[in-house]
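Below are the chains, spelled out letter by letter.
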Amino acid sequence: MKTDQLIDMLSTNLEPIKEGRLKKTLVWALVVGGAAAFCLMLTTVGLRTGVAEDFLPGYLALKLLFTLSLIGVGAALLERLMRPGQDGRKLFAFVFLPFFIVVCAGVASLVFGQPMAWGRMIFGMQWATCLLCIPLFAVVPFVALIWALRKGAPTNLTRTGAIAGLVAGALGATAYAFHCPDDSVPFIAIWYGTLVGLCGAIGAMIGPRLLRW
Amino acid sequence: MDVRSSEPELRALMIGGLDGGAAAYRTLLQKLSGQLRAYFKGHLSRISRGPVEAEDLVQEALIAVHTRRHTYDRSQLFTPWVYAIARYKFLDYLRRTKVNAADVPIDEVPELAVHDDSAHVESSLDLKRLLAELSPRARQTIQYVKLDGLSVSEAAVRSGMSESAVKVSVHRGLKALARLIREEKRS
Chain B
1380 MKTDQLIDML STNLEPIKEG RLKKTLVWAL VVGGAAAFCL MLTTVGLRTG VAEDFLPGYL
1440 ALKLLFTLSL IGVGAALLER LMRPGQDGRK LFAFVFLPFF IVVCAGVASL VFGQPMAWGR
1500 MIFGMQWATC LLCIPLFAVV PFVALIWALR KGAPTNLTRT GAIAGLVAGA LGATAYAFHC
1560 PDDSVPFIAI WYGTLVGLCG AIGAMIGPRL LRW
Chain F
37 MDVRSSEPEL RALMIGGLDG GAAAYRTLLQ KLSGQLRAYF KGHLSRISRG PVEAEDLVQE
97 ALIAVHTRRH TYDRSQLFTP WVYAIARYKF LDYLRRTKVN AADVPIDEVP ELAVHDDSAH
157 VESSLDLKRL LAELSPRARQ TIQYVKLDGL SVSEAAVRSG MSESAVKVSV HRGLKALARL
217 IREEKRS
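Residue numbers (the numbering used here), protein chains in the order written: chain B, 1380 to 1592; chain F, 37 to 223.
Derived by calculation from the structure, the hints in this document are not laboratory data. Honestly, I wouldn't trust all of these hints.
[Said to hold, decoys possible] As a list, the in silico DSBU-like pairs of lysine-lysine whose alpha-carbon atoms are at most 30 Å apart: (1) F:Lys134 <-> F:Lys211; (2) B:Lys1469 <-> F:Lys203; (3) B:Lys1381 <-> F:Lys67; (4) F:Lys134 <-> B:Lys1402; (5) B:Lys1381 <-> B:Lys1530; (6) B:Lys1403 <-> F:Lys211; (7) F:Lys67 <-> B:Lys1530; (8) B:Lys1381 <-> F:Lys203; (9) F:Lys134 <-> F:Lys164; (10) B:Lys1381 <-> F:Lys134; (11) B:Lys1397 <-> F:Lys134; (12) F:Lys164 <-> F:Lys203; (13) F:Lys77 <-> B:Lys1402; (14) B:Lys1402 <-> F:Lys164; (15) F:Lys203 <-> F:Lys134; (16) F:Lys77 <-> B:Lys1403; (17) F:Lys164 <-> F:Lys211; (18) F:Lys134 <-> B:Lys1403; (19) F:Lys164 <-> B:Lys1403; (20) F:Lys164 <-> B:Lys1469.
[Said to hold, decoys possible] Away from chain B, derived, C-beta distances all over 12 Å, residues of chain F: (21) Ser42; (22) Pro44; (23) Glu45; (24) Ala48; (25) Gly78; (26) Ile83; (27) Ser84; (28) Gly86; (29) Ser160; (30) Leu161; (31) Glu169; (32) Val193; (33) Ser195; (34) Lys211.
[Said to hold, decoys possible] Selected chain B positions facing chain F (in silico; Cβ < 8 Å): (35) Leu1401; (36) Met1461; (37) Gly1531.
Quick reminder that beta carbons are idealized off the backbone N, C-alpha and C, glycines included.
Construct the complete structure from the given sequences, taking the supplied hints into account.
Right, here's the structure in full:
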């Protein structure tokens, strides 16, 4: 085939492109993925019980602050990573910031807390449920995000996969936070932090295979 | 041709193309094909591959530019966008053909083509044969709209599909074509 032939073919009956289509796709994936994770939480473990008695909304807010800040930075990064020539290098460092802050806060609250209470602060009541639920709730968001990213043209597939995994993990953790009965900062740092990070690592591993174009 | 001086021109052509200007778009692709050819030839000569492979890559990159043109952000520079696509396609080619990327000093040529290069060879791709591998619907709509030059509404009448279905079918068909070309060169 001659290249001129191809150029003729590509420019015949050219369709105009609407701006902002790509961003809309990404937002859709986040909304659908988040809603799916939340529904899965409602139908499996359910909302946190005993809300009236010993519920401390401060801790739910803290968990959401961690997960939502990750989702925010991650989504902004994905919007750049799905476009060739924009690697979002400046923004990339901010991904680590929520992890850093939550780990510092966790260590501080252990240091200032009673050593007797450390076990309960770290393992809480339901560490095993947390361990299962966050990755499980992250599956649908991850699939939705990969679907959206494939509509773009990511050129750094490992990094894009990692951020997609991280955002999916954070969406899973957001859903789980509405069930989570464990109110301690070390618990958030260890379990939320590690599991969301793990989702990112899995995304980095399988991203290149899923995102190739 | 200096790249920096051509950036505003290429970008204007690209934006014209995104708004549906076929003439601007055709000029853009012609200019790009020269730059891409020089870029791929330069890289391929280091791993002793010939001009036919370079032409394959030029065409693959042009199809990628076309099917992914919605990923270009009009507020950004155009050259880095094209360069990232060309670089991605070249690395993908190396991976598929199992050339050790460590042997190829890719970053030694950071700019996208400092000169133009006109085509003297054809690619190894056979458009008719590739089209034959598409689904009948995609093949038909691409034939009508992209090769015969029928308008979308004419093609819709002839194929008994709605206009939006024709558009979707052409878009998917071109993407499938890009996929076929990638697989073709896996060997």
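Going down the list of hints, with the structure as the test:
1. Straight-line distance between C-alpha atoms of lysine 134 of chain F and lysine 211 of chain F comes to about 24 Å, which keeps the hinted pair within the 30 Å bound.
2. Restraint check: the Cα-Cα separation between lysine 1469 of chain B and lysine 203 of chain F comes to about 38 Å, which exceeds 30 Å; the hinted pair is violated.
3. Of the pairs offered as hints, the one joining lysine 1381 of chain B and lysine 67 of chain F holds, with about 15 Å between alpha carbons and a cut-off of 30 Å not exceeded.
4. At most 30 Å may separate the alpha-carbon atoms for a hinted pair to count; lysine 134 of chain F and lysine 1402 of chain B exceed this at roughly 35 Å.
5. With a C-alpha separation of about 28 Å, the suggested pairing of lysine 1381 of chain B with lysine 1530 of chain B holds against the 30 Å cut-off.
6. Distance restraint check for lysine 1403 of chain B and lysine 211 of chain F: the Cα-Cα separation of roughly 20 Å lies within the 30 Å cut-off, and the hinted pair is therefore satisfied.
7. At roughly 26 Å between alpha-carbon atoms, lysine 67 of chain F and lysine 1530 of chain B fall within 30 Å of each other, so this suggested pair holds.
8. For the given pair, lysine 1381 of chain B sits about 25 Å from lysine 203 of chain F by alpha-carbon distance, which is consistent with the 30 Å threshold.
9. Proximity of lysine 134 of chain F to lysine 164 of chain F is assessed by CA-CA distance (about 28 Å); at most 30 Å being required, the pair is judged to hold.
10. Taken as a hint, the lysine 1381 of chain B and lysine 134 of chain F pair is honoured in the structure, with Cα atoms around 26 Å apart against an allowance of 30 Å.
11. For the hint pairing lysine 1397 of chain B with lysine 134 of chain F, the CA-to-CA distance comes to about 38 Å; that exceeds 30 Å, so the pair is violated.
12. Pair hint lysine 164 of chain F plus lysine 203 of chain F holds up; C-alpha atoms about 21 Å apart against a cutoff of 30 Å.
13. For the given pair, lysine 77 of chain F sits about 35 Å from lysine 1402 of chain B by alpha-carbon distance, which is inconsistent with the 30 Å threshold.
14. Distance check on the hinted pair: lysine 1402 of chain B and lysine 164 of chain F sit about 36 Å apart at the alpha-carbon level, beyond 30 Å; violated.
15. Taken as a hint, the lysine 203 of chain F and lysine 134 of chain F pair is broken in the structure, with Cα atoms around 36 Å apart against an allowance of 30 Å.
16. Only pairs whose Cα atoms come within 30 Å are accepted, and lysine 77 of chain F paired with lysine 1403 of chain B is rejected, the gap being roughly 38 Å.
17. Proposed proximity of lysine 164 of chain F and lysine 211 of chain F is supported: the alpha carbons are some 16 Å apart, at most 30 Å.
18. A hinted pair counts as satisfied when its Cα atoms are at most 30 Å apart, and lysine 134 of chain F with lysine 1403 of chain B does not qualify at roughly 37 Å.
19. Distance check on the hinted pair: lysine 164 of chain F and lysine 1403 of chain B sit about 36 Å apart at the alpha-carbon level, beyond 30 Å; violated.
20. Taking the CA atoms of lysine 164 of chain F and lysine 1469 of chain B, the gap is about 46 Å. The hint is violated against a cut of 30 Å.
21. Residue placement check: serine 42 of chain F keeps its beta carbon more than 12 Å from all beta carbons of chain B (closest about 16 Å).
22. Taking the minimum C-beta to C-beta distance to chain B, about 16 Å, the non-interface status of proline 44 of chain F holds against the 12 Å cut.
23. Remark: the non-interface label on glutamate 45 of chain F is consistent with the geometry, its nearest Cβ contact in chain B lying 17 Å away (cut-off 12 Å).
24. In this structure alanine 48 of chain F is separated from chain B by more than 12 Å, as the shortest Cβ-Cβ distance comes to about 15 Å.
25. With a least CB separation of 17 Å from chain B, glycine 78 of chain F remains clear of the 12 Å interface cut-off, as annotated.
26. Here isoleucine 83 of chain F stays apart from chain B, with its beta-carbon at least about 21 Å from theirs, past the 12 Å limit.
27. Against chain B, the non-interface label of serine 84 of chain F holds: every CB pair exceeds 12 Å, the least being about 22 Å.
28. The Cβ of glycine 86 of chain F sits about 16 Å from the closest Cβ of chain B, beyond the 12 Å cut-off, so the non-interface label holds.
29. Its beta-carbon lying about 9 Å from the closest one in chain B, serine 160 of chain F breaks the requirement of being farther than 12 Å from that chain.
30. Its beta-carbon lying about 5 Å from the closest one in chain B, leucine 161 of chain F breaks the requirement of being farther than 12 Å from that chain.
31. At roughly 14 Å from the closest C-beta of chain B, the C-beta of glutamate 169 of chain F stays outside 12 Å, upholding its exclusion from the interface.
32. Annotated as non-interface, valine 193 of chain F keeps its C-beta farther than 12 Å from every C-beta of chain B; the closest such distance is 15 Å.
33. For serine 195 of chain F, the condition that its CB be more than 12 Å from all CB atoms of chain B holds, with the nearest at approximately 14 Å.
34. Not every CB of chain B lies more than 12 Å from the CB of lysine 211 of chain F, the least distance being 9 Å, so the non-interface label is violated.
35. With 8 Å as the threshold, the beta carbon of leucine 1401 of chain B comes within range of chain F, its nearest partner Cβ sitting at about 6 Å, so the hint holds.
36. Restraint check, methionine 1461 of chain B versus chain F: the minimum CB separation of about 7 Å is within 8 Å; hint holds.
37. Hint status for glycine 1531 of chain B: holds, given a least beta-carbon distance of 5 Å to chain F, under 8 Å.
Checked against the numbered hints given earlier, this structure breaks hints 2, 4, 11, 13, 14, 15, 16, 18, 19, 20, 29, 30 and 34; the rest are met.
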